[in-house]
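A.B. asks: Residue numbers (this note's numbering), protein chains in the order written: chain A, 1 to 340; chain B, 1001 to 1316; chain C, 2001 to 2321.
Honestly, the hints are just simulated from the structure, not real lab data. Do not take every clue at face value.
[To be verified] Derived pair list, reagent style DSS-like, types lysine-lysine, alpha-carbon separation capped at 25 Å:
{"id": "1", "chain 1": "A", "residue 1": "K329", "chain 2": "C", "residue 2": "K2265"}
{"id": "2", "chain 1": "C", "residue 1": "K2202", "chain 2": "C", "residue 2": "K2139"}
{"id": "3", "chain 1": "A", "residue 1": "K292", "chain 2": "C", "residue 2": "K2139"}
[Claimed, not checked] The following residues of chain A were derived to be distant from chain B, with all beta-carbon distances above 10 Å:
{"id": "4", "residue": "E37"}
{"id": "5", "residue": "F48"}
{"id": "6", "residue": "D81"}
{"id": "7", "residue": "V279"}
{"id": "8", "residue": "K290"}
{"id": "9", "residue": "K292"}
{"id": "10", "residue": "K339"}
[Stated by the list, open to error] Example chain B residues on the side facing chain A (calculated, C-beta under 8 Å, incomplete):
{"id": "11", "residue": "E1206"}
{"id": "12", "residue": "G1213"}
{"id": "13", "residue": "P1215"}
{"id": "14", "residue": "P1225"}
{"id": "15", "residue": "N1226"}
Glycine is no exception: its CB is placed at the ideal position from the N, C-alpha and C atoms.
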Amino acid sequence: MAAAAQPTSPNEDRPLLQVEGLRKHFPAGSSRFRRNERFIHAVDDVNFTLGRGESLGLVGESGCGKTTTGKMLVRLIDPSDGHVIFDDGTGEPTDIATLRGRPLKEFRKHAQMIFQDPYESMNPRRTIFDTIAEPLQVQDIGTLVDRLDRVMEMLALVGLTPPRTFLFRYPHELSGGQRQRVAIARALIVEPSFVVADEPTSMLDVSVRTGVMQLMADLADGLGIGYLYITHDLAVARYMCSRIAVMYLGKIVEIGDTEEILRSPQHPYTQALLSAVPVPDPTVAREPVKIKGGVTTLINPPAQCRFYPRCPIADDYCETNDHPPLEHKGQEQEVACYKA
Amino acid sequence: MAVDVAPQEAAPSIRKVRLTLAMRSLRENWSLFLGTRIGVIGLVIIIFYLVLALAHPILMNTVWEERVYDPVVGYAFDETRQPAPPSWNHLLGTDPLGRDVLSQLMHSARTEFLLGLLAAVVTVTIGTTVGAVAAYYGGIIDTILMRFADLMVMMPGISILIVLSALIGVEHFELALIIGILSGFGGASILLKSQALSVVVKPYIEAARAAGGGPLHIIFIHIVPNLLPLSFLYMMFTVTGAIFSEAILSFLGLLDVRMSWGLMIHTTEAAGYLLQVGAYWWLIFPASLSITLLCTSFYLVGRAMDEIVNPRLRRL
Amino acid sequence: MSGYPLLAVEDLTMHYQTRAGEVCAVDGVSLSLERGQSLGLVGESGCGKSSLALALLRLQPENAQILRGKVLLDGVDLVSLSEEEMRKYRWNRIAMVFQSAMNALDPVYRVGDQIIEALEQHSNAARQDMVERVGELYKLVNLSPNFIQRYPHEYSGGMKQRAIIAMALACEPDLIIADEPTTALDVIVQDHILREFGNIRKELNMSMLYISHDMAVIAEVSDVVAVMYAGKIVEYGTAEEVFNKPIHPYTRALMSAFPSVTGEKHELATLGGEPPNPLDLPTGCHFHPRCPFATEVCAEQEPPTVRRGDHWADCWNPPED
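Full structure from sequences and hints, please.
C.D. replies: Right, dumping it as structure tokens:
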């Protein structure tokens, strides 16, 4: 709403988010007395942009750093290094990677997060009204009566009707799909300009999943919200996102237009990921996944390509050189691979 | 779910709805509580002693003559030998100093309640806050608070109380505060912190942070309410502990109290009747049985609450 | 060989007693499974598929009760066996791999020792033979023998699940029940495990009951598919028939709600409503409040069975053949 209402802003051409060299290194086996020199490189030099109202899918397996990346963008985790230039066209572009105090709290009105687990992301002792109104309450927006009206509006918007029958229920009285709708309402009540959605449908049943997916897509379109959609499921990303970025062990290995990547994946990891997705057709026999076992340690990893130990097409060049940079391999497609 | 509000009168009615919801959950927990046999037994005993405690001032103002029945300075002029066995005038007899045992018992019940509950409230208030703060902040704050807690746990509570009572003279109020502070910063904060740790990692805490919630908001709106069931439980056990400590200290004659169950036994012991239980049962049994029963009853109520709070313990 | 199918379930009904009331988790389920065949049981959370698995093994929780029905393994009714006799069937004849089994490995013991300990309860072989047997099993599930002497925390999720499968295969069971064994795993690991299941099944001529909420996984592993909704099997048939010509509106809704990465991007259909409350199931056909084809009769009477060869479904308004 706020973001979409200003199409003629002078900063029109700037993306909503410009992520540059984002890193998160967690200390491995910390000790209070010894200086730590071992770090888990959870997110390592990640670069991408997210346009206003655009939806970007961040795809990868568990432990690849996609959730850490997402949480850094809403500053639930502080980045170790790098910049995230945020510009929704309403104010000065700011680097949110280093915000503190009041400006950080202000920024939280513009960036919200939807969590994976609809059962754990709501305080079981607070009513739906309290849960959805929480961002307004802590940001001190409106009176109690205003908040009540806003919450009713949001409930209607996310399809929980009639709203007043939901207001004073507790989370455990709602089904998983309904709770995730409540989570969406909570995230959108402050009219953010972007939302990080961390696998919001992965714990929902198939029969309610599509409803929630549809709702999120519609709201993103209608309100002009930029989404970072984190998922391990390429099929879901296909339906939710116009662009996807594939992450492997803290690095983006391929990024580009969703259909283009699904049609012709360039990076061997993307290819493996795609070929591993089961096909809901008993007559189709999938090709075996061409990928070796073996894992790269994330604690002070070697400079070579992160995917090298498992790569089916790697050669000596890959072993001796640094992790490859992202390079254009198509109209909208960038790939980090020497051999692609 | 017939909870409904009309927007125009929203503010007062939200409060009304909240009250309704609180009452509803209270009713639900109450019916669960009634389902636990031990809880009901405990509650019956507590009510019994509550009635005794409340009846004492009434009796003193109506039927009981202060000169005779005052638990501390009274004297049973109607008895020729002290201690006198139970009679119609003195249902539980008199003590070696000629005071009415029943009156002492009832008078003490009130102080035991006040002592136990005050100690428990202090314990739990401190323990919940310290536990939540330590779990939320972690790091150096956590370390300091928890090492301090270790120190408190290691403190020999009884010995400290002995020293303190020698120095400043400890009465019930001070005793409750000391017990409350010792166990509040000690065991209670360790226990409640471990519970708080499991709350801190929940996504709804992150959601609250993402919404812009500060430490105070998160600690008191999200963490503390989720600790309350356990706090309440701990409260029940603290009551037991406080009454018990008081009994021991009074029995040893170390407390500066006017009257208590422990002191009643102490008086008996000082007068040399402690080992003649058979002949002078009314000097020992009423007081010691009361200590045991009241401690047990709070413990039973605590166990029943434990069953309600931890559904895993619940029998289906 | 006997003339019986390996596993035949007849009219199995199981209820849970809860404080809120009685829940009918498994409602008159009948199934049969031939030797070497794999049956995919698909349904959403709370539909009773896991309860069914537990009931087959007689591992249902204390508050559950098998009210009626039979579970015939090679013609022997497991429901009527004593607990003592049942124990001989579990693991020896029917083995199980649960989703949470991964976390069932005891962190303080070496994984190999845990498998041996389990073996000891079911066989009298010498310890040396058992050690060798564990080696064979590790080879079977594609785990490096180096890991036999390691602790669970040194295993990745996929490796733990493999160790659990190895444990399940230890006694060469006739039937393996796998309840969402890959749900917590990444797609590439899932792919490996699914392939291994397939290979091992062929190698040992084992039957499998594979339970999942994921239509695509079911399509890959099953010969026969059963769709479960609110405690009942609502559709049953060979995988090809069920996937290509689904009869029940619920099955059809599941299929069209499933996003896919291959082929044209089709519009995802949305199934309205919420999964049924097991304490308060809808009358008639349990699916009728969410069914786009529901008519009056659906709400009033239980649906009849529509048969197309061996493929059947319970529905009042099936599509034209």
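A.B. asks: With reference to the structure, classify each hint as holding or not holding.
C.D. replies: Here is how each hint holds up against the structure:
1. Of the pairs offered as hints, the one joining K329 (chain A) and K2265 (chain C) holds, with about 23 Å between alpha carbons and a cut-off of 25 Å not exceeded.
2. The hinted pair formed by K2202 (chain C) and K2139 (chain C) meets the criterion: a straight-line CA distance of about 16 Å does not exceed 25 Å.
3. Only pairs whose Cα atoms come within 25 Å are accepted, and K292 (chain A) paired with K2139 (chain C) is accepted, the gap being roughly 17 Å.
4. With a least CB separation of 20 Å from chain B, E37 (chain A) remains clear of the 10 Å interface cut-off, as annotated.
5. Interface exclusion of F48 (chain A) from chain B stands, the closest Cβ pair being 21 Å apart, more than 10 Å.
6. Once the 10 Å rule is applied to beta carbons, D81 (chain A) is consistent with being away from chain B; the minimum gap is 21 Å.
7. Residue placement check: V279 (chain A) keeps its beta carbon more than 10 Å from all beta carbons of chain B (closest about 32 Å).
8. Look at K290 (chain A): its CB is around 36 Å from the nearest CB on chain B, clear of 10 Å, so calling it non-interface holds up.
9. At roughly 35 Å, the least C-beta separation between K292 (chain A) and chain B is larger than 10 Å, which holds for a residue marked as non-interface.
10. Every beta carbon of chain B lies more than 10 Å from that of K339 (chain A), the smallest distance being close to 39 Å; the non-interface claim holds.
11. Annotation: interface hint on E1206 (chain B) holds; nearest CB of chain A at approximately 5 Å, less than 8 Å.
12. Nearest Cβ of chain A to the Cβ of G1213 (chain B): about 4 Å, under the 8 Å cut. The hint holds.
13. A hinted interface residue such as P1215 (chain B) counts as satisfied when its beta carbon comes closer than 8 Å to some beta carbon of chain A; here the least separation is about 11 Å, so the hint is violated.
14. Satisfaction of the interface hint for P1225 (chain B) is found here, the shortest Cβ-Cβ separation to chain A being roughly 5 Å, below the 8 Å cut-off.
15. A hinted interface residue such as N1226 (chain B) counts as satisfied when its beta carbon comes closer than 8 Å to some beta carbon of chain A; here the least separation is about 6 Å, so the hint holds.
The structure fails hint 13 only (numbered hints given earlier).
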